[in-house]
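Using the hints provided, position chain B relative to the given structure of chain A.
This is what each chain is made of:
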Amino acid sequence: MAGHTEPVYFKRARQNGHIVVSDPPKFDLDAYIANYKGRTVFDRLLLIGSSSSYLYSEALKLAVKDAKAGSDVGRYDVATTKLHDIVPEDKDGIPDLAWVDKTSKKSKIDSDRLEQELKRYKNNLIHESVRMGYDDLGQHYHNIGDLSNSHKAYTKMRPSCTTTQHLLIMRLRLLKVAIDQQNWIQVQTNVQSIRQTGTKQPEVEKVTAKLSAAMGLASLASGNFKEAAKEFLNTDPRMAGAKMDGSDEESFNEVVTPNDIAVYGGLCALASMSREQLQSRVLDNSSFRNYLELEPHIRRAISFFVSGKYSSCLSILESYKSDYLLDIYLQKHVDTIYYEIRTKALRQYFIPFSHVTFSAIAAAFDTDEATIESELTSMIKKDQLDARINLVDRVLLARKQNPRSQVHADALALAKDYERTAHLRVLRMEILNAGLEVQKAKRRNHDDGGAWLGNAQDTSLGNSIAGDVFMPTVGKSLRSAYRGG
Amino acid sequence: MDSLLSQLLSFPPHPPPVVPLPDAEVDRGLRRIVKLLNEVPAKKLTAGISGGDGGDLLDILDPSINSLPYLYVLVAHINSVASGKLPLGSKTSALLPGGRLWGPLLRFMEHFDPIQVRYGGAEFKRFISAIETAARKAAMPAVAIHPIQLAISRLDPSGACFTSTHLIFVQLCMETREFHMAKPVLDKDVYSFPGNHRTGASNPLHRLICSRNQSSSNFTTPSSGFTEKISSKDILQYFLLGGMIYTALKDWERAVHFYDMAIITPAANVVSKIQLEAYNKRLLVGILWKGICLEMPKTTTAVAQRAYRATSKAYEAVAEIFEDSIKKEKGPLQLILEIDAGQDIWQESANIGLVKQVFTSFRRFSVLKLGKTYSSMTIADVARQTSPDPNDFSETAAYLQWLISTGQLNASMVERGTTHQTWVLKFGEELESLSEGQQLQELKKTEARIRDLSARVRESDQKVGLSKEYLEWSRKAEAKVKDEVPAAFQDLMDEYIHDEDMMTDT
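Sequence order for the protein chains is A and B. In terms of UniProt numbering, the first sequence opens at residue 1 and continues consecutively. In terms of UniProt numbering, the second sequence opens at residue 1 and continues consecutively.
Simulated from the structure, these hints should not be mistaken for lab results. Owing to the predicted nature of the structure, the values given are computational and were not obtained by experimental measurement.
The calculated BS3-like cross-link candidates involving lysine-lysine, where the alpha carbons are at most 27 angstroms apart (straight line), are:
| # | chain 1 | residue 1 | chain 2 | residue 2 |
| --- | --- | --- | --- | --- |
| 1 | A | K416 | B | K369 |
| 2 | A | K416 | B | K250 |
| 3 | A | K440 | B | K313 |
Restraint ranges, calculated between C-beta atoms of paired labels, are given here:
| # | chain 1 | residue 1 | chain 2 | residue 2 | range |
| --- | --- | --- | --- | --- | --- |
| 4 | A | D30 | B | E329 | 45 to 51 angstroms |
| 5 | A | N16 | B | G417 | 45 to 51 angstroms |
| 6 | A | A363 | B | A310 | 57 to 63 angstroms |
| 7 | A | D366 | B | G417 | 32 to 38 angstroms |
Taking beta-carbon pairs under 7 angstroms as the criterion, some of the chain A residues facing chain B (in silico):
| # | residue |
| --- | --- |
| 8 | I380 |
| 9 | I389 |
| 10 | N390 |
| 11 | E437 |
| 12 | K440 |
The C-beta atom is built at its ideal place from N, Cα and C for all residues, glycine as well.
Chain B with its partners taken away, still in its complex shape:
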């Protein structure tokens, strides 16, 4: 037993050497530990240490240094609980707050070394699904959210690679309506998917998965165990749920982006119901965001466009009428009729809440529209042009106050006279919303994001360059593979070449 402990503690060296070990050596060491852990019977891991004060291995191991052994021990404990002869209730409760394993679980999630864990993908995944199962069985799904969020964001801080855990996580957040908890994960844009694209040539530059600047898509594969095999349904669900979470958080811009991702997901002559759902929601959210009927994303295929158009007539009608009525200041009558006519549709697709929001936002956009024409006007004038009851001035004043205080309207109110009727609403200047300093910051942030994006583009480009299809294609075309760029990316870069130039200038 002691020899096992010393073996487990043998790597990585502690305290860490002054000169970090070369990647190759780290790789060898970690592989040795994993091999060992896989061979040791689970009983030995849960047994604790003989002699001395005989503590549990979990108390001795430090999750930040010996992450792999800690993980294996935890999983062994979970398994033993599950198969043990303990009373039914306590089987799962060990992984819940107050349970025996809850403390070590949190300790692990907060401190594990993401590089080491890359070698224990299968156990890691098993661990996460145990947490999820336990929480669900105890009918407390919310408790699983925090640990899983830590797991996802600590393992891959860039958040660029999608895993089956992502889906489990957003499902949990959705069920428990813990929308804010989902944000740290959803805020990171997904760029790659563990799929069957390992069929092509491997990339000689990134062979070692422990390399620090290794892209997450290279160690997250079904074979590394971090994720189940993913289907198109999984990613579509993730996009749709993400969009719905942002919708609930009223972050319209992100919501639309998530729906966009579902909408542009390539499809072979069919369209998924999930995509249709996303398209419908996107139309409604587009109204809430900008008050207009959004165009389809540029990358939508013609087949998909036709399918969306054919099935979303009711939604498109609402969006178009909304936009037109605001633009021509026609009042909400036509919109009301259209919404009424579609009651069954909204009810059936569970979009009734959104549709109601769309309706209430009509008044907001009507007021915003006034700001384009007028700089200040009395409450009586506002009420006459936008209120449901043009003579209810105090209600109008209260509504405007609410708009201003929630930051939805850039304006101020001046009390003038004794009744609300003569109060004055002053619209702010459109451009004053950002100061010079804020603008600079925004620009810098954007620049950084775009640089990051270019790196992703390069990575994708490389991946495509190594794929079987591309190699075959280039062999057939007898092209010089060296300086070829895949055509699709050439297009992309060409299209934005000016933007790129501009960004580097600023």
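So here's chain A without its partners, still in its complex pose:
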């Protein structure tokens, strides 16, 4: 495999702060990608190709092949350019211009034809034909990668939709476009409007799993792990057993596989839930179990976390990290999720103690003391751990809680604030009442109340106040005070 010498491209990418994975992932690329269909295949391959310095060549070649099998010229271009950037001598990196030309011409002809047909339907005023026309047009645009036109076409279907079934189809089409566009707000809107039509209806019920998955992805993308976990955990089990060959209408593998649901749900839950919640809402969740069984290591990691074996849990997660870093939806969030899980584990570990030595924590988390020290320090500084560190004896101390005096201190602070604010307000009122507000000066001299007009020339503020007697003295007195202190 081409992984011995890392191409320059990845070194540069790493310098620019992009994620580069050099370890081989646990999965087999061919088997992995065979689980998906539709546009996500290319997207996933491209992501792997541009971030794995181990799999890049294989992944990009597959991506080029996949793009050439379709009719999206733009993606073909992207894939070949990327491959050329990384491995300039690779033949697949040189675009087949004849194919590009042919395909774009064909796409153009198809677009024109569909638009013409649509126009005819519109003149005939047959709703059903118009709807179908838009549907065809939308799908066509979706296939050639013109997502915004595809979205437009689907939106225009709206007035021609006569049944709830039609509306549902339209919404689902829009949902998929939005997911491909990674426009998560649109995803949420569409899911919500489908849910509003009533989840009890059989047509809607069929797609509930897809809706949950899409919603979960949207929350994940915005970094809201708690909400994402909730959606993924509630995903209807009907998708878990779906066949991946495209024949099963339950499957959602143009977006995610059931394995993905298990991984996303499990990780988000680990990052956002307490041990009790993990037990009751993940491990004891009979419908989510269907998914969790597909990824037994996630299940093991959660069980370890629940039973307090944090180092085992973390080491499982660590061993799968490169897999997750190559996932299209997880990549950006892996580090945050792992950090959350780790800090939560530290917090949970510390709960029963009043003080613990660094060496004990390091042993429990299977690292060295120095790492633990820096981790604890940064957690305390970020207010994620309510404790203090004794650096001399190398011990972590729980903060003494005294709610009673805390309440008193809070009350005093509040009262003080009230006092100050109320005084200022009364004062303000009295000044107005006494007719003493600062007025714009009629003549500008030093006796005019020092009114400032925005472009005051003389900046000797001292003069305008009370003669230049006291200003220097104060300066001096403070200076001497400063020396004294």
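Positioned in the frame of chain A, the structure of chain B alone reads:
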């Protein structure tokens, strides 16, 4: 002459009657005395008494009982000295320590009856300004401070009403750098101003100015003579100077409050230079106080906020960088650059001393920040994270010792090993600073202060209720004046209604 004396001594009755005289009678009596004193030629007052041993009136009158005559006689003496044919040097020296009138002056200030003096405002003011002038002419402004401080705080113990004397007083304290002397006056919060708000209806409940529980704002008016007519510049100066005095005393909290008062002073589409000055100083003092860039006070108008923002960029930058650097433990480098860049600005506005203090306090706040994360650490660790020279352990130890001994750091040091490097700094618990008993006391004090404050609010409310504008407004609105509360106060009370409840519970 004797008849004059007996007339002067005729009121108040001595010894005092068992049942205190009704206010109306006191009022009549005192007005009679004032009328008399105003009519008597000054010569007669200074002449002394004929017959007997012929002593001075000042020796006969008791300033605590016959405060008004005593005051008039004193002023007459001062005038005669000023216009007399005495040699130039002794003209003013009479009112200085060792001078002829110094003793009676102090006696008067220490013992005068504040109620009687309410009727002699003009003379009282004249007297104070004579003291001030004399002290200034002799280039000894400091001697005037004590008598004037007595005058202000004895006349109006609540200190709630501002007078022109207040300003003279703080100016004197500032010039002479007698900051501690200013505290008794500045510690009292000002609530009202003698202004032209007498245009509205008068308050029938408080007609008599001799009434004991009379609020000071009712007898301190330009017409009563206690104060000159005040301008907005005067009050702004008072606030700014007060803030500066507290700054010099390192009472940051009060200093910020005084600057706040200047900042929120309403302005009609302009901002005074004094207010800008106050805002700048407030930003710096806010850092010294809490180590953060303070928000503007809640009552600042939008116009003023814009003006402050526009002109205080350099100061705000320093404050923000300070806060950010402490929070993210970035070290003082950025702060140094920012302070250096603004050298001219600090120099020009005479804030260089404060800016330097801000810089030195950076190290203190860095150490304090460590206390939030660590419970104890070696001097070497402290030095590594906060000291200008991370390898100078003995200097770090000395600095920490200084912080602890001056109460700026709640911590203790343990000697461990022979070098400073291995000494241990133990931070105290944050909440242990107040004991249960102290806390109760604090709460009680606060409660009392807030009760006092509510009384002030009611008084202000009443005043606003009687103002011409409000009456006109309410007539126009055809509202029932009786149970209306001015809208602004309604807001204030609404906002704090929960706090009030809480305070009464505790």
